[in-house]
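Undergrad: Each chain is listed here by its residues.
Number of protein chains: 2
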Amino acid sequence: MKPETDARTDTRKKILDLAEVLMLSRGFNAFSYQHISGELGVRNAAIHYHFPKKTDLGVALIERYRRRFARYVEAQAELPPPVQLDRYFSLADAYYDKQQICPSGILSAELHTLPPEMRQSTASFVEEMRTWAVDIVRRGQAAGAMHYVGTPEGMGTIVFAAMQGSLQLARLDGSALDEVKQQIRLLLGMAQA
Amino acid sequence: MKPETDARTDTRKKILDLAEVLMLSRGFNAFSYQHISGELGVRNAAIHYHFPKKTDLGVALIERYRRRFARYVEAQAELPPPVQLDRYFSLADAYYDKQQICPSGILSAELHTLPPEMRQSTASFVEEMRTWAVDIVRRGQAAGAMHYVGTPEGMGTIVFAAMQGSLQLARLDGSALDEVKQQIRLLLGMAQA
DNA sequence: GACACCTTACTGACCAGTAAGTAGAGTCGC
DNA sequence: GCGACTCTACTTACTGGTCAGTAAGGTGTC
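In order, the protein sequence lines correspond to chains Z and F. Everything in the first sequence is counted per this note's numbering, starting at 10 for the first residue and increasing by one. Everything in the second sequence is counted per this note's numbering, starting at 10 for the first residue and increasing by one.
Keep in mind that the hints are not guaranteed to be accurate.
The list that follows gives simulated cross-link-like pairs (lysine to any residue, SDA-like), each with its CA atoms no further than 25 Å apart [said to hold, decoys possible]: (1) Lys63(Z) x Asp95(Z); (2) Lys63(Z) x Ser34(F); (3) Lys62(F) x Ser34(Z); (4) Lys63(Z) x Leu181(F); (5) Lys63(F) x Phe134(F); (6) Lys22(F) x Pro91(F); (7) Lys23(F) x Gln108(F); (8) Lys107(F) x Ser130(Z); (9) Lys62(F) x Ser130(Z); (10) Lys62(Z) x Val82(Z).
Source of the hints: derived by calculation from the structure; they are not laboratory data.
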């Protein structure tokens with residue numbers, strides 16, 4: 010018999026889940042294996058068994074994000090661009106509620122202190138996210154649901170950058186995120202509720 | 010006699026200057042007193058003499074930023090808003106060239122790992138910067154030099170957030186900063202060169 | 001001789017990472 | 001249906017490095 014979740018998958022996944030929370034709230038450099046092992050009720054070396062180097066954990070974390078993001082994009086590829094944008098906003102709200110920031114935000118901020126392998130994964134991840142943002146506004150424009158000046162590249166990039174920035178600012182000023190979401194809607198010429 | 014720069018001021022200033030570079034490129038948690046003392050050719054304890062706790066250094070760093078920013082704002086208060094925006098863009102370019110990100114970016118990203126005193130200073134600093142951004146676009150609109158949908162609060166906040174975010178993204182994708190600057194100009198209805 | 005500005009020398013905490021051992025579950029030969 | 005073997009998933013115990021921070025002493029200048 011081969012259960013869906015054996016012990017191996019289970020602990021490994023719990024480690025990744027905890028590491029993810031820690032990274033998005035404290036940053037990659039600011040959490041240790043002890044934070045994870047303590048919370049998980051295992052010894053430090055147990056984490057090293059699954060992820061020998063912290064770099065391995067970091068890369069696994071980013072790669073999981075990339076897979077998750079790819080599935081996320083594909084799953085809602087057929088939805089109208091404005092709806093996709095709204096879901097993106099909801100995702101940001103969820104991060105805010107958990108006192109976290111988005112992965113690309115923390116990874117790009119810490120970039121110069123990250124091991125090369127993580128930088129590489131981060132670069133791919135961020136490029137994929139930006140491309141997606143550009144795509145949304147491009148298709149929104151093509152469908153006549155979004156209206157704006159400039160190119161889809163410019164508009165998609167500013168949306169992505171502004172969301173990343175406002176999630177960080179929202180830690181200090183709770184209104185920043187709502188303010189930015191609202192302004193993006195206006196700048197995209199989307200109808201208001 | 011009281012020279013403009015005695016030894017005290019001198020070393021203290023050098024420490025702050027080095028700490029600033031380190032914080033903007035690596036982050037506050039990712040540099041140590043040894044990074045500074047090594048570069049400066051003094052012993053670790055010399056840094057502790059000027060800044061007993063690392064928290065003291067961090068707060069001094071942010072407070073110096075706030076004073077510098079206040080002077081910067083005042084010095085160009087009479088300039089037309091579009092010119093002020095251009096200078097803001099040039100400042101961002103300078104950060105990019107030095108492989109750094111803006112102080113509000115690193116501080117808000119690391120916020121949850123910072124000592125309370127630094128969080129307090131950071132909150133004030135970020136509020137001042139956002140207020141300034143809102144003011145620029147408000148006065149730009151009033152003067153008829155900027156045209157946009159939504160409120161000055163919304164537009165100023167998105168400009169600030171997008172600049173912060175794009176400086177981080179530019180570490181991974183060099184075009185992000187230029188893209189965002191250009192798009193901001195378009196969104197503000199400013200004439201293009 | 002008092003003070004500013006350092007030094008040497010140290011402490012204790014935390015960190016990532018490693019080596020060697022072990023408990024338990026599954027597999028195989030017979 | 002049972003002992004021998006093997007593998008996974010840990011454990012205990014440790015190392016060496018880095019860190020912030022401290023105490024006490026020295027040195028030059030006013």
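Undergrad: Look at each hint and say if it fits the structure.
TA: Status of each hint after checking the structure:
1. Restraint check: the Cα-Cα separation between Lys63(Z) and Asp95(Z) comes to about 35 Å, which exceeds 25 Å; the hinted pair is violated.
2. Simply put, Lys63(Z) and Ser34(F) have alpha-carbon atoms about 21 Å apart, close enough for the 25 Å limit, and the pair holds.
3. Annotation: proposed proximity of Lys62(F) to Ser34(Z) holds, straight-line Cα distance about 24 Å (limit 25 Å).
4. Distance hint between Lys63(Z) and Leu181(F) is fulfilled; the C-alpha atoms sit about 22 Å from each other, no more than 25 Å.
5. Restraint check for Lys63(F) and Phe134(F): satisfied, since their Cα atoms lie roughly 19 Å apart, inside the 25 Å limit.
6. Our distance criterion of 25 Å between C-alpha atoms is broken by Lys22(F) and Pro91(F), whose separation comes to about 33 Å.
7. For the hint linking Lys23(F) to Gln108(F), the alpha-carbon distance of about 20 Å falls within 25 Å, and the restraint holds.
8. Between the alpha carbons of Lys107(F) and Ser130(Z) the distance comes to roughly 23 Å, so the proposed pair stays at or under 25 Å and holds.
9. Note on Lys62(F) and Ser130(Z): the hinted pairing is violated, with a Cα-Cα distance of about 36 Å set against a maximum of 25 Å.
10. Restraint check for Lys62(Z) and Val82(Z): not satisfied, since their Cα atoms lie roughly 31 Å apart, outside the 25 Å limit.
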